[in-house]
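So you can see what is in the structure, the chains are spelled out below.
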Amino acid sequence: MNLDLTEEQEMLRTSARDFLTKECSKTLVRKLEEDEKGYSPELWHKMAELGWMGLVLPEQYNGMGMGFMDLVILLQEMGRNILPGPFFSTVVLGSLPILSAGTEEQKKELLPKIASGELILTLALTEPSARYDAAGVQTKAVAQGDSFVIDGTKLFVENAHIADYIICVTRTKKGTSPQEGISLFVVDARSAGIKCEVMPTIGADKLCEVVFKKVKVPKKNMLGKLNEGWDILAKTLEQATIAKCAEMVGGQEASLDMTLAYVKERVQYGKPIGSFQVIQHYCANMWMNVETSRDILYKAACSVAEALPGSASEVAVAKGWINEAYKFVTERAVQCHGAIGTTRDHDIGLYYRRAKAGELAFGDTDFQKELVAQQLGL
Amino acid sequence: MDFQFTAQQEAFRQEVRDYLRKELGPDWRGGKTHEMFNPAFSRKLGKKGWIGIGWPKEYGGLGRPHMDQLIFGEEMLYGRAPAAAHILAQNMVGPTLMNVGSEEHKKKFLPMILSGEVVFCLAYTEPQAGSDLASLQTNAVADGDYFRINGQKTFISFAGDAHYGWIGVRTDPNAPKKHRGISIFIVDMKTPGITTRKLDTMFDHTLYEVFFDDAKVHKSCVVGQLNQGWYYITQALDHERVFMAATIAGYQRIFDEIVEYAKSTKRDGKLLSKDPIMQQKLTEMAIELHVGRLLGYRLAWLLEQGIVPFSEASISKVFTSELEKRLGNLGMQVLGLYGQLQRGTPQAPYDGYLEWEYRFSPMQAVGGGANEIQRIIIAIAGLGLPR
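These protein sequences, in sequence, are chains B and Y.
Quick note on our numbering: the first sequence kicks off at 1232 and runs consecutively.
Quick note on our numbering: the second sequence kicks off at 377 and runs consecutively.
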C-alpha cells in the first residue's frame, strides 16, 4: 500500500493548478459558456504546448508517456477550475480508445496530431434512448463496397460541433446479446450527411445532437474489429467514468475552498458565520464528502490503470459515491453563501450546475447502483 | 499510488483468520458488547503474543507496523473476537505509560497488559462533564505521600470487572485554564472509598457509575507529570486510531450476513435480493462500506508515515458511527417482522444479532466524543474555522 502521490504527480498537480488559475479565469469560463465554440483556441494551444493532450500517449506518437493516474491528477485540476473545452472528449473519449484499439496506421495518423492540439475528437455513443449501455446503440452501419454507411441519431455528444473526428458507435449486426454486433468508426466530422446541433444544457458543456444520414466512412476507419467494438468501449467507459469522477472531485475541492473562505469573512451578528456551530457542521460534512471522494477516486483509478480484476465494480462504487458527494457539497456551498450564492455573478453556481451535469455523464447514481447490485450478486 | 496489500500482509491476515476460526469455532456468532468481554480469551491472545502487536519490541510487543495492526484489527472485528477485556489497556494505558509513565509503572503494568491478565476501566466522564470533559470536577488533594480522591464518574464500561481504573481528576483547581489542572491516576479498584453502581443500557451492556469517597491513593499512582493529564488524554489516541481504522470490518460482517439473508429468503414468492427497493438499499450500503474502509486505510497509512491524523480520525469516527446506525436499521428492514426477534428465539435469524445491533448502534455516535463535538473539531482544527 502506498497512498501518496509521487513527486512527479505532485509537481504535475501544482503546475496544472498554477497554469489554470492564471489562464482560465472564471470570467473566461462564463464567457465560454455563452460562446458558440465553447473553448478558447488560444488556451487550447497553450495546453498543447504543455504536452497535456499527449500526456498519456507514448513518446513515439509525440506524447509524454505518462500514466492514467497522471491523467486523473490533471483532470482533477481541470475540474477544480471547471476548464471549458474539448480536452475530455479529445483525450479521454478520443485518444484512449484509439491508443488501445487502433491500427498502427490509425495511431500514426491521429495520435501525434491529438498530442499537438491539431485535432479535436469526440465519442458518439448515446442516442435518444439515453443509455450508456450496448442495448441503447441503434445507429446502423451497413457495408457498401469499400465503405460503411452510417444512419442514425446520436444525442449528448460532447463538442461534436467543433470536432474534427467523431468516434461513432454503431450496430453492424443484430447479435445474440446487445454487446455483440457493435462496431466503432472514426468518422471525419465534415463528412456529407452529418448534421450537428448544440443543445443548451445545465452544465453548458456543448452537448450535441448529431444526425448521421447516409454518412459514408471508409472501411479502414473502423476502430478495432467488426462487431467487436463493445469491448473497446467498455474499457473506454471505465476510463471515462473515472476521468469524470476526477473532474468532479476537483470541483468539490474548489467548492469547499470557496465556502471556507466565505464563511470566515462573512460577518453576521458581529461574528464570522464560520464561528457558528451549524455552519461548522455543514463544513465538516462537506469536507467528509471531499475526503471520501478523493480516496474512492484514487482507488478506482489505480484499479483501472492496472486493469485489476474488479475494476468495473470499483468504478461503479466510485461514481455512485462521487455523484452524490459533489451534489451535496455544492448544495451546501450555495446554502452557506446565502443569496449571493444563487446569483450568476458568483462562482459557486457554476459548480452547482456542473455537479448535476457530472452526475448524468456516464451513468447517474441509480445506474451505478445497478452495476453494484450485479457485483453483489443480487 | 497503490491500494493493495502485500503478499506478506495477506498471509498475516489469513493467519489471524485461521487462528480465530480455530479458537472461537466455526459457529461463533458473538460480538455483542457483553460477549466481547472475555478475560480467558484475552489471556489466550496474550499467550499467542497477539496483545500489543504494535507495541515496540523493547516493551514486549511485536513492533508490527500500522498496516499489520489494521489487518489484525479487521480480522478481530470481522471474526467478532472478544477483545474488550484488554483493548483499553492495549490501546490507551500501555502506550501512554510507554510515553510518559514512570519506570515503576512500566515494569508493573506493561507485562500484565501483554499477557491479558489485567482489566482496566477508563473513567473520564462525569455527570456534569461529558462533551465538555475538561470541566471535570472529581478532585485529588495531596495529603502527605497520598492523595485523597472525591467525586463521581459515570457511564464507565467494565468498572465492575476492572482491576484498575485509569481516571482523570482535577489536581489544580486554580489552574488558569481548566484543562491545565487535570491529572491521570491509576487506581486499584479495590481501594477503600471506591464504589460502583450499575447502569444498565438498552443494548445489554452494563455501564457503571463510580464513586470516590475520600479514596486514599499513594502519590505513585499519578501517571507521568502532575497536571499534564489533559495532554495525555488527547495524545494517547494513536493506537486507538489504528483500531478505529479497522471498524468497518465489523460492519462488513453484518452486511455480508444481510446480503446472504436477502439472497436466500423469499417474501411474497420473490427473493428479497430481487426486490428493486431492497437492491437500492443494499447497494447504497455497499458503497458506504467501501468508503468507510478507505477512510480507515487512509488513517492507517498516515499513522504509518508518522503523521498524527487528527481530523481524519474524527472524520472516520463520525462517518462510521453514523453508518452503523443506518446499517442497524437496514438489517432489521431486510429481516422484516423477523427482525424484531431476540436471541434465543428459534425463529430469530442470525440468533437475533441484528435486533441487538439496532439497539446498540446509537452508542458509537454518542460515545468516544459525540459526533457534534467531532464535527466542531473537524471544522476548527481541520478547516481552520474561527471559534
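Honestly, the hints are just simulated from the structure, not real lab data.
Being a predicted model, the structure only gives us computed values, none of them experimental.
Cβ atoms here follow ideal geometry from the backbone N, Cα and C, with glycine treated the same way.
Treat the hints with care, since some could be wrong.
Listed next, the stretches of chain Y that the computed footprint assigns to chain B, with coverage defined by at least 3 CB atoms under 8 Å from CB atoms of chain B [as the list claims (entries may be wrong)]:
(1) 594-607
(2) 667-676
(3) 744-758
Those earlier numbered hints the structure runs against, lowest number first: 1
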